[in-house]
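Protein chains: 2
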Amino acid sequence: MERIESHACHGGRQEVWSHTATTLGCTMRFGVYLPPQAEREDCPVLYWLSGLTCTEQNFITKAGAQRYAAEHGLILVAPDTSPRGDGVPDAEGYDLGQGAGFYLNATRPKWAGHFRMYDYVVEELPALVDAHFPTGSARGISGHSMGGHGALTIALKNPGRYRSVSAFSPIAAPSQSPWGEKAFSAYLGDDREAWKAWDATALVAGARERLPLLIDQGDADEFLVPQLKPELLRIACEVAGHPLQLRIRSGYDHSYYFIASFIGEHIAHHAAALRG
Amino acid sequence: MERIESHACHGGRQEVWSHTATTLGCTMRFGVYLPPQAEREDCPVLYWLSGLTCTEQNFITKAGAQRYAAEHGLILVAPDTSPRGDGVPDAEGYDLGQGAGFYLNATRPKWAGHFRMYDYVVEELPALVDAHFPTGSARGISGHSMGGHGALTIALKNPGRYRSVSAFSPIAAPSQSPWGEKAFSAYLGDDREAWKAWDATALVAGARERLPLLIDQGDADEFLVPQLKPELLRIACEVAGHPLQLRIRSGYDHSYYFIASFIGEHIAHHAAALRG
Chain A
1 MERIESHACH GGRQEVWSHT ATTLGCTMRF GVYLPPQAER EDCPVLYWLS GLTCTEQNFI
61 TKAGAQRYAA EHGLILVAPD TSPRGDGVPD AEGYDLGQGA GFYLNATRPK WAGHFRMYDY
121 VVEELPALVD AHFPTGSARG ISGHSMGGHG ALTIALKNPG RYRSVSAFSP IAAPSQSPWG
181 EKAFSAYLGD DREAWKAWDA TALVAGARER LPLLIDQGDA DEFLVPQLKP ELLRIACEVA
241 GHPLQLRIRS GYDHSYYFIA SFIGEHIAHH AAALRG
Chain B
1001 MERIESHACH GGRQEVWSHT ATTLGCTMRF GVYLPPQAER EDCPVLYWLS GLTCTEQNFI
1061 TKAGAQRYAA EHGLILVAPD TSPRGDGVPD AEGYDLGQGA GFYLNATRPK WAGHFRMYDY
1121 VVEELPALVD AHFPTGSARG ISGHSMGGHG ALTIALKNPG RYRSVSAFSP IAAPSQSPWG
1181 EKAFSAYLGD DREAWKAWDA TALVAGARER LPLLIDQGDA DEFLVPQLKP ELLRIACEVA
1241 GHPLQLRIRS GYDHSYYFIA SFIGEHIAHH AAALRG
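Protein sequence lines correspond, in order, to chains A and B.
Note that my numbering numbers the first sequence so that position 180 is 180, with each residue one more than the last.
Position in the second sequence (from 1) plus 1000 gives the number in my numbering.
Pulled out of the complex, with its shape left as it was, chain A reads as follows (with noise of 0.2 Å):
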């Protein structure tokens, strides 16, 4: 593990690690910010995966997400979006290969052997992270986007392991969404059954936790008709008894500027679970 940028900031540390990812075969970068509070005491992790296009510098440099971890006492991490460099496959378009992981473990041959992002943000990068800083053992999970997806399907996946989940923008029914067809196609094959396993639409019918799910969508996303389609997760709780709070955000986008201007909610949303 090599320290590659260390900022104070809100009072804290803003960090950019780098390590080799067994479980992807290749070197990867996450960002870390330590609170004030991680001097002195364990502090709860809250996980933040990104959308397409993304690395681990997106949310850290421009969510604006450390005042508030600051004043709550919350470690973030924000890992990169997938396997990188030259022996990892990729594809044209931004929407697949590299950049565009979308949080499963891949069978397909091609892929199979490093896009195994599920295992590395469930199991090897908290692994990691409690070996090497003050975490306490509570965690939350959030995204944005394919990030808020994986964060769905990750909390759902796994009943126990998150005290917290939220999302902004989820691509919410990835198998309903060119996006996600295009993606799980390439990653998992052409049986849709296959894919219910990597879509929270699909996977709120068998959760067995009533984690309580928090979504933020802008209403002038210019993805949300064609990608995200939230209203199918609205659905899929409402059938399954499963708790969803969906707030639709009067003139908001897909930027990062939505994920500014309520990420404040968002982090004291993960508190109350993670501190309460």
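Honestly, the hints are just simulated from the structure, not real lab data.
Be aware that one or more of the hints could be misleading.
Where chain B lies over chain A, by a calculated footprint (3+ residues, C-beta under 8 Å) [said to hold, decoys possible]:
#	region
1	126–140
2	191–197
Residues from chain B that keep clear of chain A, each with C-beta distances beyond 10 Å, as calculated [as the list claims (entries may be wrong)]:
#	residue
3	1004
4	1020
5	1067
6	1105
7	1109
8	1136
9	1206
10	1251
All residues carry an ideal CB built from backbone N, CA and C; glycine is no exception.
Place chain B on chain A using the hints.
Okay, now just chain B, sitting in the frame of chain A:
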């Protein structure tokens, strides 16, 4: 004038506009944040001048200033750092030419036709902003590094025009800094007397208005000793009896993580003067 970006943000709107700048002989972009208050009343304007290599994007995406501007009802205007384009002269290196306008009016033949960022920021841009947005008469000015130099010198040279001024990590004595010496030699020539009109430390002695200077500076800033030299400005202010609050922040560096940590305090400082 053409609006090329518009995003809802903290209840207001973050926009980016493009226009033909007659002062600079090129197309220029600037960011403008309109707080929610601007929908119903005129609001004071805080101008933000960015540092070397920056465009209009850095401040609007990384500083997290919109939250505070929305709280206080300030419009934020963030121009690019130099003229740009194929017809505009440039130089090798990040610290001269495009991206490095130094907020002065160049006099050397190579640069004088386009590099007039002082006139642009002091005259052309405010006239444009006041014509198109619901601005009140009160203006403040702030900036970072090269832009901190710009904010301080512009305020000192224009008594009565700005009600408040502040800076992060400014090039406080550019005539005694390698960055400043390189730029002033190129833009103004070798006569160091001519440089004094563009150097905050030199200007303080003749300032006709005792506008208080607020400066934040990190003590872990790699550029502090070789380039920034706020201690020279402090001495000049003591000699001249000019009010200066210079706050040295332990552990902070030159990055936007530093700006994001304290921009709230600067915006509160400006709001007190502009709305008080």
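Residue 1004 of chain B remote from chain A - nearest C-beta pair above 10 Å:
Holds, because the least Cβ-Cβ distance between residue 1004 of chain B and chain A comes to about 14 Å, which exceeds 10 Å.
Just checking, residue 1020 of chain B versus chain A, shortest CB gap more than 10 Å?
About 27 Å separates residue 1020 of chain B from the closest Cβ of chain A, which puts it past 10 Å; holds.
Exclusion check [residue 1251 of chain B not at the chain A interface, CB over 10 Å]
Violated, because the least Cβ-Cβ distance between residue 1251 of chain B and chain A comes to about 4 Å, which does not exceed 10 Å.
Cβ separation check - residue 1109 of chain B to all of chain A, threshold 10 Å
39 Å, holds
Verdict on residue 1136 of chain B as a residue remote from chain A, using beta-carbon distances over 10 Å:
At roughly 24 Å from the nearest Cβ of chain A, residue 1136 of chain B sits farther out than 10 Å, so the non-interface label holds.
Just to make sure I understand the rule, a stretch counts as covered if three or more of its residues have a C-beta closer than 8 Å to a C-beta of the chain. Does the region 191–197 of chain A meet that for chain B?
violated (count 0)
Quick one: see if chain B covers the region 126–140 of chain A, three-plus residues with Cβ-Cβ under 8 Å.
violated (count 0)
Mind verifying the non-interface call on residue 1206 of chain B? Its CB should be farther than 10 Å from each CB in chain A.
36 Å, holds
Confirm or reject: residue 1067 of chain B is not an interface residue toward chain A, with every Cβ-Cβ distance exceeding 10 Å.
7 Å, violated
Beyond 10 Å from chain A, beta-carbon-wise, is residue 1105 of chain B?
33 Å, holds
The structure shown violates the earlier hints numbered 1, 2, 5, 10.
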